[in-house]
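Participant: So the sequences go chain by chain: V and H. 1 is the number of the first residue of the first sequence in the working numbering; add one for each residue after it. 1001 is the number of the first residue of the second sequence in the working numbering; add one for each residue after it.
What the hints contain is simulated information worked out from the structure, not anything from laboratory work. Heads up, a few of these hints could be off.
What the hints assert, rightly or not - With a cut-off of at most 25 Å between alpha-carbon atoms, the simulated SDA-like pairs for lysine to any residue come out as follows: (1) H/K1005 with V/F119; (2) H/K1014 with V/T120; (3) H/K1005 with V/F132.
All figures in this text were calculated on a predicted structure; none of them were measured in a lab.
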Amino acid sequence: MSHKTEIKTELNNGHYLKQALTKLGFTFTEASEGKKLHTKGHYGIHEEVDIRIDGNGSQNFDGAVGFKKQADGTYTAVGDFYGLRTQDGQGVSANFLKCEVTAHSKEAEINDRLMQLGFTSDPAARKETKEFIEISFSRNPIGL
Amino acid sequence: MEDVKIRIDKKTGKMSFDCAGFIGEGCSVIEEIEQQLGSVTKHEDKDERYQYEIPVPAQQGIMG
Chain V
1 MSHKTEIKTE
11 LNNGHYLKQA
21 LTKLGFTFTE
31 ASEGKKLHTK
41 GHYGIHEEVD
51 IRIDGNGSQN
61 FDGAVGFKKQ
71 ADGTYTAVGD
81 FYGLRTQDGQ
91 GVSANFLKCE
101 VTAHSKEAEI
111 NDRLMQLGFT
121 SDPAARKETK
131 EFIEISFSRN
141 PIGL
Chain H
1001 MEDVKIRIDK
1011 KTGKMSFDCA
1021 GFIGEGCSVI
1031 EEIEQQLGSV
1041 TKHEDKDERY
1051 QYEIPVPAQQ
1061 GIMG
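The following block holds chain V by itself, in its conformation from the complex (with noise of 0.2 Å):
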């Protein structure tokens, strides 16, 4: 039986969804270049991927899930999510992976643009909860 599923994410910088990744503690293996990944699903769903996540530290996913990039340059997650849960135990849908990394890449990227901009974030002020991500940053006024 087939457990196929296919979401669109609005992502299209890999160098942040890989960070987000890391951050959720997976796993990755990353597609090098002029070779072809695929996820390795039980069920014989073999999915040309870009970035395939091995695992997240307490489970081994072998290669199930992983992201596509698409010809418009934003990634697709895909492949197998059926018995994948997180660390804590809660449950791996393709929704959850896209909103989580999504999230989190969002979270990288701001960060880099705002240091470049002169700000510092303070770890502590840093709020996470299911729903939202919330960080503070500060910088003393240019030219004083």
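Given chain V's structure and the hints, the job is docking chain H onto it.
Facilitator: Showing chain H alone in chain V's frame:
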């Protein structure tokens, strides 16, 4: 100190920010922040700016 607070909604992926009283949201949030901070200046002219619809009073008589 200049303070910026960013909130990223996990369900929608949308970011909103609060920057010195300016509040905004949307995918162009980074650009908006940069504009608020003055590091990027964006010019977008609209017809309204030139008030094309408002009739210009005709000047009569001899000038000077």
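Participant: Please list, smallest to largest, the hint numbers that this structure does not respect.
Facilitator: Going through the list in order, the structure violates no hint and respects every one.
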